[in-house]
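So the chains spell out like this:
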Amino acid sequence: DGGITQSPKYLFRKEGQNVTLSCEQNLNHDAMYWYRQDPGQGLRLIYYSQIVNDFQKGDIAEGYSVSREKKESFPLTVTSAQKNPTAFYLCASSIGGFPGQQETQYFGPGTRLLVL
Amino acid sequence: RKEVEQDPGPFNVPEGATVAFNCTYSNSASQSFFWYRQDCRKEPKLLMSVYSSGNEDGRFTAQLNRASQYISLLIRDSKLSDSATYLCVVNMLRILTGGGNKLTFGTGTQLKVEL
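Chain order of the listed sequences is R and F. Residues in the first sequence are numbered from 30 upward in steps of one, following my numbering. Residues in the second sequence are numbered from 7 upward in steps of one, following my numbering.
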């Protein structure tokens with residue numbers, strides 16, 4: 030089955046700890062994205078990558094880092110510098126295209142991060 | 007003013023009712039529009055894209071009004087299984103560094119269909 034997988038489903042972080050969230054897709058999509066969702070707020074873009082070995086900061090990148098060494102993988106690290114990490118983290122992918130092209134994004138099941 | 011605004015609801019409707027949601031967006035140059043459905047504690051899933059001429063998919067109809075900058079979603083003969091949060095998503099033609107477009111998400115409208 031083609032799709033996007035995220036692991037783990039739940040993740041607990043201690044103060045001062047870095048944690049990494051996994052995102053894998055087998056849709057052969059070029060573009061991948063990380064969002065954060067908090068109650069009562071829309072999804073906010075953390076980082077995105079349009080192509081392998083390239084990624085860019087979104088609207089709320091502070092305290093996060095990413096890598097894109099393989100087309101199918103886009104892990105997100107929540108560092109100790111992120112002071113309010115408790116949220117629902119969603120990874121998405123899209124075919125990738127040129128500006129102006131309709132960009133439907135497909136989401137993974139999400140990881141819920143809680144701070145102990 | 008929010009870039010994409012939705013009434014948060016909840017909309018509580020009886021089974022079989024027709025319900026409509028509106029969403030307004032701030033950027034008149036926006037090019038493409040979507041409705042996503044999100045169940046509680048799950049990921050958003052694409053419900054339908056919204057085309058200029060309006061489009062229908064079974065019990066769901068989406069409309070776009072560019073002059074007034076709003077899109078709508080109509081659900082006919084609502085089912086219990088339609089209970090979810092409906093997200094309005096707009097491609098605001100904000101070009102991302104390296105290419106591609108940024109999608110802007112509304113906060114969602116919650117629908118509860120009751121017996």
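Everything labelled a hint here was simulated from the structure, so no lab data went into it. One thing to keep in mind: the hints can contain errors.
As the list claims (entries may be wrong) - Here's a subset of chain R near chain F, in silico, CB distances under 10 Å, partners left out:
#1 Phe41
#2 Tyr62
#3 Gly87
#4 Pro104
#5 Phe117
#6 Thr133
If you're wondering where the values come from, they're calculated on a predicted model, not measured in any experiment. In this text, a Cβ means the ideal position worked out from N, Cα and C, and glycines have one as well.
A quick look at each hint next to the structure:
1. Phe41: 17 Å, violated
2. Tyr62: With a closest approach of 9 Å, the Tyr62 of chain R hint holds.
3. Gly87: Holds - the Cβ of Gly87 of chain R comes within 10 Å of chain F, reaching about 8 Å at its closest.
4. Pro104: Since the shortest Cβ distance to chain F is 17 Å, the answer is violated.
5. Phe117: 8 Å, holds
6. Thr133: Hint on Thr133 of chain R: holds, closest Cβ of chain F at ~6 Å, below 10 Å.
Comparing the model with each earlier hint shows violations of hints 1 and 4; every other hint is respected.
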